[in-house]
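K.L.:
Listed here are the chains, written in short residue letters.
Number of protein chains: 2
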Amino acid sequence: MPDIESFKKQALDELIELLKIPSISTLPEHEPDMRKAADTVEAALLRAGMTRTEQIHRANHPLVYGEWLGASGKPTLLLYGHYDVQPADPLDEWKSPPFEPEIRDNNIYARGATDDKGQTWILVKAVEWLMKRDGKLPINIKFLIEGEEECGGEAIEAYVAEKPAQLAADAAIICDSEMFAPGLPSICIGLRGIVYGELHVEAARQDLHSGVYGGAAPNPIMAIAEILTALKDKDGHILIPGFYDRVVKPAPAEAEAWASLPFDEKEYLEKEIGATAITGEPGFSVFDKTWARPTFEVHGIRGGFVGEGAKTVIPARAVAKISMRLVADQRPDEAISQLKSAIAAVTPKGVKAEYKFLHGAGPSLVNPDNKFIHESALAMEEVFGKKTVYIRSGGSIPIVGLFDTHLGIPSVLMGFGLPDDNLHSPNEKFHVPNFYNGIDAVIRYLERLGA
Amino acid sequence: MPDIESFKKQALDELIELLKIPSISTLPEHEPDMRKAADTVEAALLRAGMTRTEQIHRANHPLVYGEWLGASGKPTLLLYGHYDVQPADPLDEWKSPPFEPEIRDNNIYARGATDDKGQTWILVKAVEWLMKRDGKLPINIKFLIEGEEECGGEAIEAYVAEKPAQLAADAAIICDSEMFAPGLPSICIGLRGIVYGELHVEAARQDLHSGVYGGAAPNPIMAIAEILTALKDKDGHILIPGFYDRVVKPAPAEAEAWASLPFDEKEYLEKEIGATAITGEPGFSVFDKTWARPTFEVHGIRGGFVGEGAKTVIPARAVAKISMRLVADQRPDEAISQLKSAIAAVTPKGVKAEYKFLHGAGPSLVNPDNKFIHESALAMEEVFGKKTVYIRSGGSIPIVGLFDTHLGIPSVLMGFGLPDDNLHSPNEKFHVPNFYNGIDAVIRYLERLGA
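From first to last, the protein sequence lines are chains U and Y.
Residue numbering for the first sequence follows full-length UniProt numbering, beginning at 1 and increasing consecutively.
Residue numbering for the second sequence follows full-length UniProt numbering, beginning at 1 and increasing consecutively.
Derived from the structure by calculation, the hints contain no laboratory data.
Be careful, since some hints might not be right.
No copy labels: a pair is met if it fits in one copy or bridges any two.
Subject to a maximum C-alpha distance of 25 angstroms in a straight line, what follows is the list of computed DSS-like cross-link-like pairs (lysine-lysine) [claimed, not checked]:
(1) Lys271 / Lys349
(2) Lys266 / Lys352
(3) Lys74 / Lys136
(4) Lys249 / Lys386
(5) Lys271 / Lys352
(6) Lys352 / Lys232
(7) Lys132 / Lys74
(8) Lys349 / Lys266
(9) Lys36 / Lys387
(10) Lys234 / Lys340
(11) Lys234 / Lys349
(12) Lys356 / Lys340
(13) Lys349 / Lys232
(14) Lys20 / Lys266
(15) Lys271 / Lys163
(16) Lys371 / Lys74
(17) Lys271 / Lys74
(18) Lys249 / Lys163
(19) Lys234 / Lys371
(20) Lys9 / Lys132
Throw the hints in and build the complete structure from the sequences for me.
P.N.:
Here it is, written out as structure tokens:
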């Protein structure tokens, strides 16, 4: 039996191997990597002492399930993570290649380091340590590790809806969020939902010469620009009719707690964003804008000529990737239909516009007054030596809504990422001390729940 | 000596070989194809009886020059064409591959068929026929065939400015435009200029997670959309201050002639454009919009995620390819500075925008009252059996302005393309009878000038 420090170092070595697998769920050519990553996770669950593991196939990429149910009379916790990662482009902005993990300045750099392989590994390794040390676990454990978090989560959505009895638990722990600041233990109690889709605009039958037809022919990229600017004004206010109707303001106590969080707007702008100004709706704080207000964003426009040099073409069609982040109590289905109506109302003359929904998830807001969240807060306070703060995240973890709807359980979002971890960006990293402290905190959490 | 019909069929076979060369001047990987195409053209000029040929290197791709100056006391004509072609994408919209010429329904389909290899070949083959038939030419001939028409024309611009004596001529003939309608001989007396460049917008230092930062971070694609819509309104009116100040209205006689051209707006919309409506400035005819009014177009936007599926990224930067078509008496330099000022004035908060000029050319408007245009009109009337009409083109042929400025000569734009030739688009074609009649018309033109 190694000591805990050696054990954690070995856990890091194993994480490095997992990070080498380019398990990009959204790109079909990485299918073999997805299988390899799923196998690696399943093997790790077996090593952690799970008495039964299984790869569940429902959509594109397998769910990895593992259980140990030997703590009779104790609570059952569902442990969630994901082994898939975001695409790594633009590749030329990485200082070290995204799938060749490198440790620099006590950070491990790789795609998926923080989102979510590193954090998934915290859960797996905390359980493995307890099992190795005690030969048993203090509570019952069910792991559910998915491979489609970055591409819509179709498999887990189907499985959770289909097998609530199999997944029955008292609470879920999700390790896929971040601490508010280095060293400050944080539990995320609110997440934005998302509706992601494509805006397809068709103008002419085929690409046209911009000299011969320019002035008389519709331009689909210009049409997209007109639609986008008609849906969101320069101040970041979304103009989709009815869109804000269900938006709930943060409770006064929550808003007050946010105001006392350590936050330097100048540093946020300069170090995290690196733009010339913070933008968005006037009169709202950064916390409001990113945690409590919905968004409308464009992620890319395909169509037309983007190579080197000049091509004088009016493209026949163009596609914009667009998303809306939703907050409580907005509903994805309603937002989609509001968006579709708004697009129809502002589509300019000469073109046809069609919205194609790709994936969505509702927002979530957890009431922090329950034992699973309290014990988590106390476990982190023990390890980090600071009072745990309740925060929200602007991102979307669709599984929280699924667990609530189908299993009727609260989710505890214990996150160990840091705000500058560059998730979804080049040079994604995970702070190694947070990896180690995360393992300690989850060990203490499971111990406390079993006490 | 073959008869003229056999000669023209053989000319078509040779054209097919030329069309097989993917001489895309704008893409560096086609450099060897550019050299091969230049060599093919030079060899054809030698076969046509030129006593001296030369490949001139000034910028990226060689100019091919050839001369026969044996008609003492007769006029000298400068014959212009280009051997480079536009990129062929989107490839999947071609019915036959762009560089595997195929004849269907009396049309030859290939990239460059009409723009401009087919039309260049008309000039070369008309000269070759006269030389073969008579052992001499009725007038003096200088060929100048460039390889950078689709990528800015840097080489020819330098050479014409540098060697006006070498290129001295009485007029130029440019075979790179279209007939107004099938069977209707046309001379183009007006061309729009162009200013083509890139709008670079930089927002954050690197790509950001749209969940974590969405609502507070600037989005460069949205910024481009805001800039584009601030520079052109929904009616197609360009909002760049001062932009229309120098725009000259067509003379009443010209406007009247346009009104009597055979033109069916419904057919134009349905067969040529294939969109749901003609767009552009209210109160202007299609001829006004495409011949006599300037444009502002976006050709593509690079930046962000455009692959399959979803990536929730706010890109750090984005680039739009944009152009302005200019009409007499607008000036490229002035338009560029107006555009730059306008961009600076409308750039939204949080981002930096920079305009990078790529290439430009002034507009041109030729006075049709001169012998070189008259004889061309009469030669075409002989061959096509219909009165020649004077039209304009919305496209840009920068060389017309260069010949005017540096050589002081008028350009005769005898075009044999057709409006549905799909130039710059998939399924570009050239009508084979126009190729044959074009050779006949140029033969008659040279004979008339020498008479």
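K.L.:
Determine for every hint whether it applies to the structure shown.
P.N.:
Cross-check of the supplied hints:
no., hint, result
1, Lys271 / Lys349, "between (43 angstroms within a copy, 18 angstroms between copies)"
2, Lys266 / Lys352, "between (43 angstroms within a copy, 18 angstroms between copies)"
3, Lys74 / Lys136, "within (13 angstroms within a copy, 106 angstroms between copies)"
4, Lys249 / Lys386, "neither (28 angstroms within a copy, 75 angstroms between copies)"
5, Lys271 / Lys352, "between (42 angstroms within a copy, 17 angstroms between copies)"
6, Lys352 / Lys232, "both (20 angstroms within a copy, 20 angstroms between copies)"
7, Lys132 / Lys74, "within (19 angstroms within a copy, 102 angstroms between copies)"
8, Lys349 / Lys266, "between (43 angstroms within a copy, 16 angstroms between copies)"
9, Lys36 / Lys387, "neither (40 angstroms within a copy, 74 angstroms between copies)"
10, Lys234 / Lys340, "both (21 angstroms within a copy, 20 angstroms between copies)"
11, Lys234 / Lys349, "both (23 angstroms within a copy, 9 angstroms between copies)"
12, Lys356 / Lys340, "within (9 angstroms within a copy, 36 angstroms between copies)"
13, Lys349 / Lys232, "both (19 angstroms within a copy, 14 angstroms between copies)"
14, Lys20 / Lys266, "neither (36 angstroms within a copy, 59 angstroms between copies)"
15, Lys271 / Lys163, "neither (44 angstroms within a copy, 55 angstroms between copies)"
16, Lys371 / Lys74, "within (14 angstroms within a copy, 103 angstroms between copies)"
17, Lys271 / Lys74, "neither (45 angstroms within a copy, 74 angstroms between copies)"
18, Lys249 / Lys163, "neither (35 angstroms within a copy, 73 angstroms between copies)"
19, Lys234 / Lys371, "neither (44 angstroms within a copy, 57 angstroms between copies)"
20, Lys9 / Lys132, "within (15 angstroms within a copy, 86 angstroms between copies)"
Of the numbered hints stated above, those contradicted by the structure are hints 4, 9, 14, 15, 17, 18, 19, listed in ascending order.
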